[in-house]
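A.B. asks: With the hints as constraints, model all of the structure from the sequences given.
So the chains spell out like this:
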Amino acid sequence: MTQAFTRTRYHAPATLGEALALLTDDPDVTVIGGGTIVMAASAGVPRTAALLDLHRIPGLAEIQQGVTTTLGATTTYTRLLTAPAAPPLLRRIAGGITGGPQIRNQGTIGGSACYANPASDIPAGLVALDATMVVDRQEGQRRVPARDFFAEPFRTDLQAGELLTAIEIPTPPPATRWGHAKLKHGESSWPIAVAVARIDRRPDGRIASASVTLGAAVPTPLTIALDLPEHLTELDRDHRRLIAAAVDRAVEQWWSDALADDVHRRRVGPVIAARAVAAALPNGHRT
Amino acid sequence: MDGVRSVAPRLDGDRYVRGSTRYLDDVIPPGCLHVAFVRSPHAHALIGAVDATSALAEEGVRAVLDGVTAQELIGDLVCLLPEALTGATGPLTLPCLPVERIRYAGEPVAVVVADTESVARHAAALVEVDYRPLPPMMDVEAATMPDAAPQHPQLPGNVLMAGVVRDGDAGATLQRAPHIVEGEVRIERSSAVPLEPRGCIATWDAAEHRLLVRAATQQPHGLRADLARQLRLPESDVHVIAPPLGGAFGFKFPGLPEEPLTCLMALRLRRPVRWVETRAESLLIGARDYHATYQIGCDDTGRVSAVSVELNADVGALCATPGPIMPAVAGSTFPTGYDIADVEVRWRAVMTNKGPWNGARGFGKEATCLVMESALDDVARRLRLDPAEVRRRNLLRSDQLPHRTSTMTLDSGDYPRALDMALQLADYHELRARQRDRQSEQVTRLGVGVAFELTPEGIDYAGSLSRGFETATVRLDTSGHATVLTGVTSPGTGSETAIAQLVAAQLGLPVASVRVVQGDTDRTPYGSGSFSSRAVMTGGAAAWLAAKDLRAHLAGAAATLLHASSDQIDAADGFYRVVTDPARMIPVGPLVNALRTLGAALPGLGAPHLEVTRTYGPQNLQSIPDESGRLQQYPTYSYSVHVAAVEVDVETGTTRVERLAAVHDCGTVINPALVDAQLHGAIAMGMGLALFEEERYALSGAPLSTDFKRYLLPRLPDLPRLRTGQLVSPSPFTELGTKGAGEGGVGGSAAAIIGAVRDAIGSTNSPVHVPLTPARVLADLDSRLVGATR
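Chains as they are written, first to last, in this note's numbering: chain A, 1 to 287; chain B, 1 to 790.
Keep in mind that the hints were calculated from the coordinates and are not lab data. Predicted model, so just to flag it, every value in this text is computed and none were measured. All C-beta atoms in this analysis are idealised placements derived from N, C-alpha and C, irrespective of residue type, glycine included. Check before you lean on any hint, since a few could be wrong.
Computed list of lysine to any residue pairs in SDA-like fashion (alpha-carbon distance at most 25 Å, straight line) [as the list claims (entries may be wrong)]:
| no. | chain 1 | residue 1 | chain 2 | residue 2 |
| --- | --- | --- | --- | --- |
| 1 | A | K182 | A | T36 |
| 2 | B | K548 | B | P590 |
| 3 | A | K182 | B | F708 |
| 4 | A | K182 | B | R445 |
| 5 | A | K182 | B | A775 |
| 6 | B | K548 | B | R39 |
| 7 | B | K709 | A | Q65 |
| 8 | B | K709 | A | G100 |
| 9 | A | K182 | B | S700 |
| 10 | B | K709 | B | L719 |
Label-pair ranges, simulated between beta-carbon atoms [what the hints assert, rightly or not]:
| no. | chain 1 | residue 1 | chain 2 | residue 2 | range |
| --- | --- | --- | --- | --- | --- |
| 11 | A | P153 | B | V68 | 39 to 47 Å |
| 12 | B | T293 | A | P282 | 32 to 40 Å |
| 13 | B | A698 | A | P153 | 12 to 20 Å |
| 14 | A | G99 | B | A702 | 25 to 33 Å |
| 15 | A | F154 | B | Q424 | 50 to 58 Å |
| 16 | B | R22 | A | D148 | 51 to 59 Å |
| 17 | A | D227 | B | L134 | 56 to 64 Å |
| 18 | B | Q439 | A | F154 | 38 to 46 Å |
Residues from chain A that keep clear of chain B, each with C-beta distances beyond 10 Å, as calculated [unchecked claim]:
| no. | residue |
| --- | --- |
| 19 | G59 |
| 20 | A61 |
| 21 | N105 |
| 22 | G186 |
| 23 | L232 |
| 24 | R249 |
| 25 | A258 |
| 26 | A260 |
C.D. replies: This is the structure:
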């Protein structure tokens, strides 16, 4: 409490090696992704001893397309919206981020992932896409599946000295269909519930597998396998009810924050999940 | 008023668009010190010693001031509430910093001054205060329990004010009424939240021996008088400048402790001292928090005969702003524009352990609107009548105006016509047809709401700083320009442009040749600043009258110089001409020069009288109670009608406003674009009130809505394209026929949206609870599902 006032230290290394060395040497350092943490710190809390700015490190904001698409950790929402190589689902998610061009130019996919705010868009998207998080440290590199990366609210699997450098997105089979749904309380609200549905079909069109990944309504993103009729092309009221019930059964704990408590999220989370599934079906779009 | 009305571009518009407007926060004088306040983490506590030892040990910390020391150095804040309403003897006073009791979480306890803002904030966290926490009283019920701890020594029961507004005999008429509908409206706490918060920079000018204060304030002259009294300086030795404001809406009235304390530190340290409020600090202030129950009586046709209302306001901790008076205004505005002879409103303003109130656009009248419109919607539902028809059957007709109640004299207008225009603008019949064609099992439901809003404006609150009159000086120069010095300020509304239009029209000058000086106590005459939508009605009229005097003088001089008679002189575009022979003319600049150099010397040329000051106040007021006790504080009665269509998602409880139409009548209009802009802004605020804005508290009394992610404001994409129209019914009681233009729309659009949501989800008699958050909409839906299965 009575620590002396000190200025926040600021580092902007030019290479990944320097950044990793700083992370190892300075345990108090906070990495800047988009800068949410800097905005919070400028209001006085939490006080941050040191900031690590990644923007000088070459290659961290690039998108590379191959068998998997690799997104640099500092890829901005604007890049996701404009780069042809960006996965379409992430482009859609980036388009729904709260805030104007300044936020989209500044906010990054890696920053959002590492902040691990339950009430955000990116984590559920990455889990639904079966992304792999590429984590670097001085001793080397490791890969963590996105579903294991989001350990708990505001905490990831990143260990001391580690830095998220890239996110790998596997290319889904051509017959895979995605559906996305999002709920928020007006334009300035953070998300209350987000859901990404994935439906894979056999060559004859029958549904092979279906799942929905729920975010914002739960502490960490949760993928729920769904048992859908093979020939399903749209959802009627009974289907929606069954999906909602399956989601409700699968969720052990609902997220609660200043904009919506767990009771409300339990009410609307399954609805949004069902809407995501509807959006992944050929005749699913409803008014 | 012919020839004045025009969409003149704003005089300062380019500065706003280019971003070159210099707001308070854009200035940091050299050598400036910075203030941070130590604020209580407890909502209710007794305080003992304040220990600043560790804070003062920090490098860069210049001073720490606590309540005990401050008491010796600075005068109290004085609340200007009528004794008839408070029941206290003499004015209520408050120390700038508490010496005994903490009354809300976030209350300033001590002032820290340091070389930088961050050192000041850091040191503030090091100040140790001996708090002895008490149970917080977070609502009216808790604060009015028999054993509740008094929050002010002069107000033992925590009821700050109470009153009854009565016309006829509502009780007896209700008993006779064929139908009585009961209802309840709860309006959660919200505030005006301008994007620019409060702040001030105080500088002691040792050479001039004067205090210069730059402050984000609506009332520079009022602030100056307060500061002079509190700091024991002659008023003339305090100079207050209000820079352009990033919005005010009632949020920037003086009466809170931060400005006087910042000035005190500048006086003591003989250095410039600066304080700019943080967002979390600005969200400590409230402006609405009401609970109303009502009974409304009507016949089979929906014609209302009586209304009886019980209105409780939770005004938080006492402060010296005009904010706490708003519930009295809410009470006095019943029954708005409806022809209801028997009315009884019992209202109370109660102090609790929430933050204090400052003003907010609507100024209590939005609460009245929400209650009245909810009651009329109830009548429509009970009798299965169209809500628009219920309004039409009860609104006063134009031939009934002026119409007098115990608190108001409604001046002029055509309420039913405004209703018809609004219904037409909204395509009301198309909406209703669409609604009938909807299948009931659809997830989104369409609802339509209609609301009438009365906005009394131009308050003359005798006994306070907020008076209904204004003074203006108009001065001419040899460039042919007129300079207007006015006591009204512009919080960003563009009042300066309308005032320039009036003076230009009167003097025959282009608008661009008029300069308007506002917000500087050294340069402008005394005035009450900006509040109650009266800048043009009063400040504009005073300038108009001053310019009229000058016009006559210039015409006389021109007649002499052009060898004509005064009645032959016409003025336009900066020239005074002989009507019958326009080639004989003189530009205003040389005319002024002639008066300066030859006035009173050349035969026939009058005195060099090139500066006129006039004071103006509107009629239609009873500012001090008459022999029967009748008090009427508002001279003009603007009104508006709003129609909203919403889509409510019954699975998630979210509301999307699809259509909003409004017709507004604020009397004579000087600049239609500026008036329409006011209406647009008010509607956006009404939408926030209806759907989003809420200052929430933890059970401990700690504020939860500390930033714009936790206090949601509507953004542009939340709003539909607005459909607005104007009616013009000049006031017979004001010089220009103008009425207040700045508040209509907050309550009306909110009430129309609320009515539409309730229409969409088929609410019956469930209480209205705003904002209508998704959780509340779902709860309302559930309550009826439970009822239906029984």
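A.B. asks: May I ask you to test the hint 38 to 46 Å on the CB atoms belonging to Q439(B) and F154(A)?
C.D. replies: holds, 44 Å
A.B. asks: Has the given pair, K548(B) with P590(B), been kept, meaning a C-alpha gap of at most 25 Å?
C.D. replies: Between K548(B) and P590(B) the Cα gap is close to 19 Å, so the pair holds against 25 Å.
A.B. asks: For K182(A) and F708(B), compute the direct alpha-carbon distance and say whether it is at most 25 Å.
C.D. replies: Holds. K182(A) to F708(B) sits at ~20 Å (cutoff 25 Å).
A.B. asks: Next pair to validate is K182(A) with S700(B); report whether the Cα-Cα distance is within 25 Å.
C.D. replies: Given pair K182(A), S700(B) is violated - Cα atoms ~33 Å apart, limit 25 Å.
A.B. asks: For K182(A) and R445(B), compute the direct alpha-carbon distance and say whether it is at most 25 Å.
C.D. replies: holds, 19 Å
A.B. asks: Grab the minimum beta-carbon distance between N105(A) and chain B and tell me whether it stays above 10 Å.
C.D. replies: holds, 18 Å
A.B. asks: Test the statement that A61(A) is away from the interface with chain B: the closest C-beta pair must be farther apart than 10 Å.
C.D. replies: holds, 26 Å
A.B. asks: Is 12 to 20 Å respected by the C-beta to C-beta distance linking A698(B) and P153(A)?
C.D. replies: holds, 19 Å
A.B. asks: Is the Cβ of G186(A) farther than 10 Å from every Cβ of chain B?
C.D. replies: violated, 5 Å
A.B. asks: Please check whether the beta-carbon of L232(A) is more than 10 Å away from every beta-carbon in chain B.
C.D. replies: holds, 19 Å
A.B. asks: For K182(A) and T36(A), compute the direct alpha-carbon distance and say whether it is at most 25 Å.
C.D. replies: holds, 21 Å
A.B. asks: Quick one: are P153(A) and V68(B) within 39 to 47 Å, going by C-beta?
C.D. replies: holds, 44 Å
The structure fails to meet hints 6, 7, 9, 12, 22, 25, 26 from the earlier list, while all remaining hints are met.
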